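Novice: Sequence:
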Amino acid sequence: MLMMWSDTINQANKTALLAWVKETGIHLVQVNGQRKYGGPPPGWVGDPPPSGSEVFIGKLPQDMYENKLIPLFQSVGKLYEFRLMMTFSGLNRGFAYAKYSDCHSAQVAITTLNNFEVQKGCLIMVCKSIEKCELCMDGLPSSVNLGQLQMVLQEVTTGVENVSLYPNPSRKRGRLAVLKYHSHRAAAMAKKTLAEGNLDLHGEEIHVDWLKPEMKQKLRNSLGKTSSEGLKPDGPLGEPVYLTKCVQVNPDGWMRFWYQVVIPGYPSPFSGFIWIKPEQSGLSEHEKAKNAAAFQVLKTLGEQVALLWTLASSATLLFKVQHLELETVFQLGSHPC
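Reminder that position 128 of the sequence shown reads as 171 in our numbering, one-by-one numbering, no gaps.
If you're looking for bench data, these hints aren't it; they were derived computationally from the structure.
Hints may be right or wrong, so weigh each one.
Below 27 Å or equal to it, Euclidean Cα-Cα: the simulated BS3-like pairs (lysine-lysine) are [what the hints assert, rightly or not]:
(1) Lys175 / Lys235
(2) Lys223 / Lys235
(3) Lys121 / Lys102
(4) Lys121 / Lys79
(5) Lys261 / Lys79
(6) Lys79 / Lys175
(7) Lys175 / Lys57
(8) Lys288 / Lys235
(9) Lys79 / Lys234
(10) Lys111 / Lys79
(11) Lys234 / Lys175
(12) Lys331 / Lys288
(13) Lys171 / Lys261
These numbers were taken from a predicted model, which means no experiment stands behind them.
All chains, please: the whole structure from these sequences, using the hints.
Specialist: If you want it as structure tokens, here you go:
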């Protein structure tokens, strides 16, 4: 569907576009201030093209349309998608995006069409498109940990590659997360999903938006970053050291513990809070807390657990984490409140 046209629009160009659409049968769709072809195009089979396959097109005459632009950019490679930014009056905004089936075609388009004269005295600019793939999640509670956030994001979104947690630079309390997705489309879909409130983190109100360059620079200079990209062991892991502290006891006997687990050879410690149920198991409350903490650490280390043995006689947990191809022995002991 083509948008409404203003009477001031170049009538010859308008007529030429409508005739071209009718002749070719091409399907153009108006979506949020842009007119789009493809994404995927007819007959496309398989996944969308990889990152780096899109080019930015600037300095366009505002009365030039797809009947001129799509054939031009198709002449250097197979188009997956073409997006022309539009005004309400029916003029284009002077720029567009062309996504090719592969990165090589995008590079050919840049080499061939940058400074191309589309009409007398009008040279267009064609360069690599900077595809936005990072989101900023603000309003996270201070208690949220990286493993918990990753698990929630993997449940409600797809394509997340890395999650980084920072102290919130705009508030004294709370945390901020940067979410990196494998493509702009995946990030856009995640942004829409998360903005609709499909995220439950202790009932907090979460705000999600594109990561702005100034915020990215501010976070780069900050301390306290925790990233899923960097949480990989450099070599064999040592024996974990546990710290537990009883912080709350309910009238019904339930106990809340803070824990921290430091594993020599692992880039960062694990910490959080757990509840211990009152029961007769032969273990002290701190041993139960460390047992529960070990399970929380296991969740963060990897989703695929090949083997979990509980050796109650020696109060030892042995985890074999297939995803990271490592075995770690968690020794359980006691620590005073």
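Novice: Next step is simple, just say for each hint if it's right about the structure.
Specialist: Status of the hints after comparison with the structure:
{"no.": "1", "hint": "Lys175 / Lys235", "result": "holds, 14 Å"}
{"no.": "2", "hint": "Lys223 / Lys235", "result": "holds, 15 Å"}
{"no.": "3", "hint": "Lys121 / Lys102", "result": "holds, 23 Å"}
{"no.": "4", "hint": "Lys121 / Lys79", "result": "holds, 16 Å"}
{"no.": "5", "hint": "Lys261 / Lys79", "result": "violated, 35 Å"}
{"no.": "6", "hint": "Lys79 / Lys175", "result": "holds, 18 Å"}
{"no.": "7", "hint": "Lys175 / Lys57", "result": "violated, 32 Å"}
{"no.": "8", "hint": "Lys288 / Lys235", "result": "violated, 40 Å"}
{"no.": "9", "hint": "Lys79 / Lys234", "result": "holds, 20 Å"}
{"no.": "10", "hint": "Lys111 / Lys79", "result": "holds, 14 Å"}
{"no.": "11", "hint": "Lys234 / Lys175", "result": "holds, 11 Å"}
{"no.": "12", "hint": "Lys331 / Lys288", "result": "holds, 12 Å"}
{"no.": "13", "hint": "Lys171 / Lys261", "result": "holds, 25 Å"}
Violated hints, in rising order: 5, 7 and 8; the structure is consistent with all others.
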